[in-house]
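Protein chains: 2
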Amino acid sequence: MLAVFGHQNPDTDAITAALVYARLLGRQGIDAQAYRLGEPNFETAFVLREAGVDAPPLLETLPAGAQVVLVDHNESAQSLPNLHELTVTRVVDHHKLGDLTTTQPAYLRFEPVGSTGTLLLKLFREAGLSVEPLDARLLLSAILSDTLHFRSPTTTAEDRDAVAFLAPVAGITDVEAYALAMFAAKSDLGDTPAETLLRMDYKVFPFGEPTAPHQWGLGVIETTNPGYVFGRQSELLAAMDNLKAEDGLSGVLLSVVDILNETNRTLVLSATEEKVLREAFGVETQGHVADLGARISRKKQVVPVLETYFTPQG
Amino acid sequence: MLAVFGHQNPDTDAITAALVYARLLGRQGIDAQAYRLGEPNFETAFVLREAGVDAPPLLETLPAGAQVVLVDHNESAQSLPNLHELTVTRVVDHHKLGDLTTTQPAYLRFEPVGSTGTLLLKLFREAGLSVEPLDARLLLSAILSDTLHFRSPTTTAEDRDAVAFLAPVAGITDVEAYALAMFAAKSDLGDTPAETLLRMDYKVFPFGEPTAPHQWGLGVIETTNPGYVFGRQSELLAAMDNLKAEDGLSGVLLSVVDILNETNRTLVLSATEEKVLREAFGVETQGHVADLGARISRKKQVVPVLETYFTPQG
Ligand SMILES: [Mn+2]
Ligand SMILES: [Mn+2]
Chain L
1 MLAVFGHQNP
11 DTDAITAALV
21 YARLLGRQGI
31 DAQAYRLGEP
41 NFETAFVLRE
51 AGVDAPPLLE
61 TLPAGAQVVL
71 VDHNESAQSL
81 PNLHELTVTR
91 VVDHHKLGDL
101 TTTQPAYLRF
111 EPVGSTGTLL
121 LKLFREAGLS
131 VEPLDARLLL
141 SAILSDTLHF
151 RSPTTTAEDR
161 DAVAFLAPVA
171 GITDVEAYAL
181 AMFAAKSDLG
191 DTPAETLLRM
201 DYKVFPFGEP
211 TAPHQWGLGV
221 IETTNPGYVF
231 GRQSELLAAM
241 DNLKAEDGLS
251 GVLLSVVDIL
261 NETNRTLVLS
271 ATEEKVLREA
281 FGVETQGHVA
291 DLGARISRKK
301 QVVPVLETYF
311 TPQG
Chain R
1 MLAVFGHQNP
11 DTDAITAALV
21 YARLLGRQGI
31 DAQAYRLGEP
41 NFETAFVLRE
51 AGVDAPPLLE
61 TLPAGAQVVL
71 VDHNESAQSL
81 PNLHELTVTR
91 VVDHHKLGDL
101 TTTQPAYLRF
111 EPVGSTGTLL
121 LKLFREAGLS
131 VEPLDARLLL
141 SAILSDTLHF
151 RSPTTTAEDR
161 DAVAFLAPVA
171 GITDVEAYAL
181 AMFAAKSDLG
191 DTPAETLLRM
201 DYKVFPFGEP
211 TAPHQWGLGV
221 IETTNPGYVF
231 GRQSELLAAM
241 DNLKAEDGLS
251 GVLLSVVDIL
261 NETNRTLVLS
271 ATEEKVLREA
281 FGVETQGHVA
291 DLGARISRKK
301 QVVPVLETYF
311 TPQG
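First to last, the sequence lines map onto chains L and R.
Numbered per UniProt numbering, the first sequence spans residues 1 to 314.
Numbered per UniProt numbering, the second sequence spans residues 1 to 314.
Just chain L, with the same shape it has in the complex:
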């Protein structure tokens, strides 16, 4: 039995990719079970509710040597804590390749597309398998979520083609309305504790020297209602401060992405982060907020800049 799971602090792509890939493997005669490494966010909960499926069960640990399939991530810092003891047999991902290694030849499929969902659709086609309406709905939701309905610079022609193909199969006639409903669900943050907001779409990246990296925690809140988030600025800064101390991080940032206006205003904890933002991005911070303009993709517009900044030129 293969355990299939996406990254910690799962987003819609991580959860749906695990569900759909486990189903695809099952149709190919490979026994696989989908899991999640954390709670679904409000957008994902909406997607699953609309699709009429339960979230996959929570996975907290696996015994050494267990066979696993990673989707939508590959770095150990974003995976099960004891990933290095597990046997990775398959990976389907659209992120840069980090510290993953395998002990045996494995199936690895990485492409620079906007969503793991887009890549999974290719796997259905290559296997000569039809896409069932439920799978189509989950894959479509993943693509809309990761690309912010094509607003993100990570969007590719393949993502657009995939959505055009999937929408009629899923029975979704108004894709824009469905995407807006997803984003509204994501933005309905209500009385969510500040720490939960911070960790909702949060990843730790090791920058610079692999043996002695600068560990930076980068959170993102994608919302149609940024005013709500900035109304809770002092709580969020306190949560960032706690997280930095607890996890021994070099820096913490929380980017508040306005989905509809395609802008990124980022919460900046201290003078340390302020200096890095000034030197790496050339932006100034005022009252703990830095205007990162149209840099709405952490993966494509924030992480590579910090990676370059911290990497000594050889």
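A few of these clues could be false.
Since the list can't tell identical chains apart, any single copy or any two copies may satisfy a pair.
[As the list claims (entries may be wrong)] Within a straight-line C-alpha distance of at most 20 Å, the following computed EDC-like cross-link-like pairs (lysine to aspartate or glutamate) qualify:
(1) Lys203 to Glu39
(2) Lys244 to Glu274
(3) Lys203 to Glu246
(4) Lys96 to Glu39
(5) Lys122 to Asp247
(6) Lys96 to Glu111
(7) Lys203 to Glu50
(8) Lys122 to Glu307
(9) Lys300 to Glu279
(10) Lys300 to Glu262
(11) Lys122 to Glu111
(12) Lys96 to Glu209
(13) Lys275 to Glu307
(14) Lys300 to Glu111
Treat the hints as calculated values from the structure; they're not laboratory data.
Owing to the predicted nature of the structure, the values given are computational and were not obtained by experimental measurement.
Following the hints, position chain R with the ligands against chain L.
Frame of chain L, contents of chain R with the ligands only:
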């Protein structure tokens, strides 16, 4: 312009994969040039001569930031010396994933098949492109070479299916006769210097702790005429001794694989290697030769055993 190349000490798979993948990328509108990182062996020279194509040009260095495509390998120890400064945009490979990382999302395609040639045939099919006779001949040769015409335990059903498909396209009616001619060419070692024989299919593997690995050099001579190789045993042991000292290795082994009888008798340099072979494989060494029985695949039957031996159990 993408530079496409296989591993150092190239074998037939490494050379032909670079040639064929560069041609495939070209047909997809991507500007790519095949290279080799070393001299073709006698088998590869035979394959290229029969196909009527030149070996790709030798590549010794590339400027930092150059875009490269790796085929048939992924570990930096087997690649261009400054791989960590280059931008890897694509990898097609059938080995375990080593220390490769990418700075951006890339195209990575790994499958546990017997040869990169098998995987490249899949890429033609997925792209909806016909396979031209030259490409078919090169891919077929790679599969026969890497699988020792299906004798190696790395052979999969996909390798057999690929050869069955490719042979008529390549115009090769007697596959067994062609394979034997390839292996005879490989075995015609003549007055090749001992150091060249040792390095012909030679790879360095870092075993154990990534930060302080045991570096082992593992050479293989696949031949239909093992008697010739053992006739030069003392020269080969001297070459192994030199290599160990020059490269600061922890161990050196040279496996002499009898292709037709499917056996592996391995030259063992010193008491250090002898101890490891005893403890890891349970075999004794006599007169610098250890009988590794039917373990004819370095990748599948030798490297994993040493990897396990040197990895502290967690
Ligand atoms: Mn994703
Ligand atoms: Mn190969």
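Tested hints:
For a Cα distance limit of 20 Å, the shortest separation of Lys203 from Glu39 inside one copy, 15 Å, qualifies, whereas the shortest one across copies, 45 Å, does not. Only within a single protomer do Lys244 and Glu274 lie at most 20 Å apart by alpha-carbon distance; the minimum there is 15 Å, versus 51 Å between protomers. Taking CA atoms no more than 20 Å apart as the test, Lys203 paired with Glu246 passes inside one copy only; the shortest distance there is 15 Å, against 43 Å between copies. Within a single copy, Lys96 and Glu39 get their C-alpha atoms no closer than 24 Å, and across copies no closer than 32 Å, so neither meets the 20 Å cut-off.
Taking the shortest alpha-carbon separations for Lys122 and Asp247, neither the intra-copy value of 38 Å nor the inter-copy value of 45 Å comes in at or below 20 Å. Taking the shortest alpha-carbon separations for Lys96 and Glu111, both the intra-copy value of 9 Å and the inter-copy value of 18 Å come in at or below 20 Å. When the C-alpha separation of Lys203 and Glu50 is checked against a cutoff of 20 Å, the pair qualifies neither within a copy, at 27 Å, nor between copies, at 53 Å. For the homomeric pair Lys122 and Glu307, neither the shortest alpha-carbon distance inside one copy (30 Å) nor that between copies (34 Å) is at most 20 Å.
Taking the shortest alpha-carbon separations for Lys300 and Glu279, only the intra-copy value of 18 Å comes in at or below 20 Å, while the best inter-copy value is 48 Å. Proximity of Lys300 and Glu262 under a CA criterion of 20 Å is satisfied intra-copy only: 14 Å inside one chain copy versus 50 Å between copies. Taking the shortest alpha-carbon separations for Lys122 and Glu111, both the intra-copy value of 11 Å and the inter-copy value of 16 Å come in at or below 20 Å. In this homomeric assembly, Lys96 and Glu209 come within 20 Å of each other (Cα to Cα) only inside a single copy, at 17 Å, whereas the closest approach across copies is 24 Å.
Proximity of Lys275 to Glu307 under the C-alpha cut-off of 20 Å is restricted to the intra-copy arrangement: shortest distance 15 Å within a copy versus 44 Å between copies. For the homomeric pair Lys300 and Glu111, the shortest alpha-carbon distance inside one copy (14 Å) is at most 20 Å, but the shortest distance between copies (27 Å) is not.
Of the numbered hints given earlier, the model fails hints 4, 5, 7 and 8; all others are met.
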